[in-house]
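Listed here are the chains, written in short residue letters.
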Amino acid sequence: MKSLLFYLAVGIVLTGLVHLGSLLALPGLSSQGPDRRLAALAPFNTVVLLPDPAPERADLAFADPAFVVAVCRFDLTGGPVILRFETGPVYASVSFYSPTGVAFSALNDRAATRGVIELDLMASGQRPRVSPDAETTRADRLIVDSPVTSGLAVIRLMAGEPSLRPALRERLAAARCARSAAP
Amino acid sequence: VRHPLLFLLTLVASAAAGLGLTALAARHPPDIAAVRIGPWTALPKSGTPDVDPYRLAAMAAGGGLPLAAGDGIAFVARTTSNGQPLNGLCPIVVEGPVLPARAWTLSVMTPDGRPVANPAGRYGLTSTEALARPGGGVRIVVAPQAQAGNWLPSGGRQSFVLVFSIYDTPVAVADRNRIALTLPAIRASGCLP
Numbered sequence: 088m089k090s091l092l093f094y095l096a097v098g099i100v101l102t103g104l105v106h107l108g109s110l111l112a113l114p115g116l117s118s119q120g121p122d123r124r125l126a127a128l129a130p131f132n133t134v135v136l137l138p139d140p141a142p143e144r145a146d147l148a149f150a151d152p153a154f155v156v157a158v159c160r161f162d163l164t165g166g167p168v169i170l171r172f173e174t175g176p177v178y179a180s181v182s183f184y185s186p187t188g189v190a191f192s193a194l195n196d197r198a199a200t201r202g203v204i205e206l207d208l209m210a211s212g213q214r215p216r217v218s219p220d221a222e223t224t225r226a227d228r229l230i231v232d233s234p235v236t237s238g239l240a241v242i243r244l245m246a247g248e249p250s251l252r253p254a255l256r257e258r259l260a261a262a263r264c265a266r267s268a269a270p
Numbered sequence: 004v005r006h007p008l009l010f011l012l013t014l015v016a017s018a019a020a021g022l023g024l025t026a027l028a029a030r031h032p033p034d035i036a037a038v039r040i041g042p043w044t045a046l047p048k049s050g051t052p053d054v055d056p057y058r059l060a061a062m063a064a065g066g067g068l069p070l071a072a073g074d075g076i077a078f079v080a081r082t083t084s085n086g087q088p089l090n091g092l093c094p095i096v097v098e099g100p101v102l103p104a105r106a107w108t109l110s111v112m113t114p115d116g117r118p119v120a121n122p123a124g125r126y127g128l129t130s131t132e133a134l135a136r137p138g139g140g141v142r143i144v145v146a147p148q149a150q151a152g153n154w155l156p157s158g159g160r161q162s163f164v165l166v167f168s169i170y171d172t173p174v175a176v177a178d179r180n181r182i183a184l185t186l187p188a189i190r191a192s193g194c195l196p
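Respectively, the protein sequence lines represent chains L and F. To convert, count from 1 in the first sequence and add 87; that's our numbering. To convert, count from 1 in the second sequence and add 3; that's our numbering.
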């Protein structure tokens, strides 16, 4: 009886440990995670428009169907990446995620200058030591510090009405996500 | 070890139970640090670096990306304000004030987060399209057939969820000392014969 209770206690502790361990390991191992899913559609450092929402498919579950969405899977190992898109008169945003889906930053069109958001995405340590002169010439430039060397930038434009969609898709198709030239 | 067979059994059973719990949690993650307003639930932490491991496991299992905190916040309702399950065969009225925000959308989704099929091909309603209610706020009818005013098709689906997404709001939803955070009430308004 005593040993039965002992094994029960051991079993409960072990169950907890296995649960915690597998829970923490799952995001790194899964083939259904956000980055792995989008990897099939988008090569690195390229903007890819996601298809319009339809009942039979959802590249990202719970994505708001009112938005036109483009994704850039960024890779900063070769240097910073420039992201540029036109926002126009609609609500627009860009959000940054780690490959497992941890959101680390987001900007909306309030950060846009003359209807354009242009930013430098940099891994820690890639931030150049800019002189005050350089700072003024690049005053419109936004810098986003990334805690990860690769991840996802999700650009979203809100189609307040379905009729806006084609124009917004065209606008997002012109978005750019590319390794920046040498500073 | 006094009972090698029992010991082995304990190991196998614990491993199976632990993995089973993880699989279950990834499919139905617990709502940790949730903000509840009537029937609506939001997880403000899920769009921040402080996201909990259960939410990350759900994303790994195909749960999609949360709205980043600087972008917006999504409230999900699975029941009416009275706690009845949402049934797409009955007209459901979403009515009341909305949090101050630059834009909002109300979407009808399957419980696993896909747009609900309907003949009109409309999956949501936006603040741009919605007709204002006299006296402020909104009144939206979610129903299988077209309705006067703001209509959102439910596709006649037996079970669905409503997702209220709010963009660029000055309200700190996660603020514990929040005052009068308001979202529309949800009620079933009679059923189809």
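These aren't lab readings, by the way, just hints derived from the structure by calculation. This one's a predicted model, so the numbers in the text were calculated from it and none came from an experiment. Treat the hints with care, as some may be off.
As the list claims (entries may be wrong) - Just some of the chain F residues that point at chain L, by a computed CB distance under 8 Å:
hint : residue
1    : R5
2    : A71
3    : P118
Said to hold, decoys possible - Label-pair distances were calculated between CB atoms; the ranges are:
hint : chain 1 : residue 1 : chain 2 : residue 2 : range
4    : L       : F131      : F       : R39       : 37 to 47 Å
5    : L       : A141      : F       : L27       : 44 to 54 Å
6    : F       : E132      : L       : A112      : 37 to 47 Å
7    : F       : D55       : L       : L128      : 44 to 54 Å
8    : L       : V203      : F       : P173      : 23 to 33 Å
9    : L       : P138      : F       : R39       : 32 to 42 Å
10   : F       : R142      : L       : I99       : 16 to 26 Å
11   : F       : L9        : L       : P138      : 46 to 56 Å
Note that CB positions come from ideal geometry on N, CA and C, so glycine has one too.
How the hints compare with the structure:
no.: 1; hint: R5; verdict: holds (6 Å)
no.: 2; hint: A71; verdict: holds (4 Å)
no.: 3; hint: P118; verdict: holds (5 Å)
no.: 4; hint: F131(L) with R39(F): 37 to 47 Å; verdict: holds (40 Å)
no.: 5; hint: A141(L) with L27(F): 44 to 54 Å; verdict: violated (29 Å)
no.: 6; hint: E132(F) with A112(L): 37 to 47 Å; verdict: holds (44 Å)
no.: 7; hint: D55(F) with L128(L): 44 to 54 Å; verdict: violated (28 Å)
no.: 8; hint: V203(L) with P173(F): 23 to 33 Å; verdict: holds (24 Å)
no.: 9; hint: P138(L) with R39(F): 32 to 42 Å; verdict: holds (34 Å)
no.: 10; hint: R142(F) with I99(L): 16 to 26 Å; verdict: violated (51 Å)
no.: 11; hint: L9(F) with P138(L): 46 to 56 Å; verdict: holds (55 Å)
Hints 5, 7, 10, counting from the list given before, are not met by this structure.
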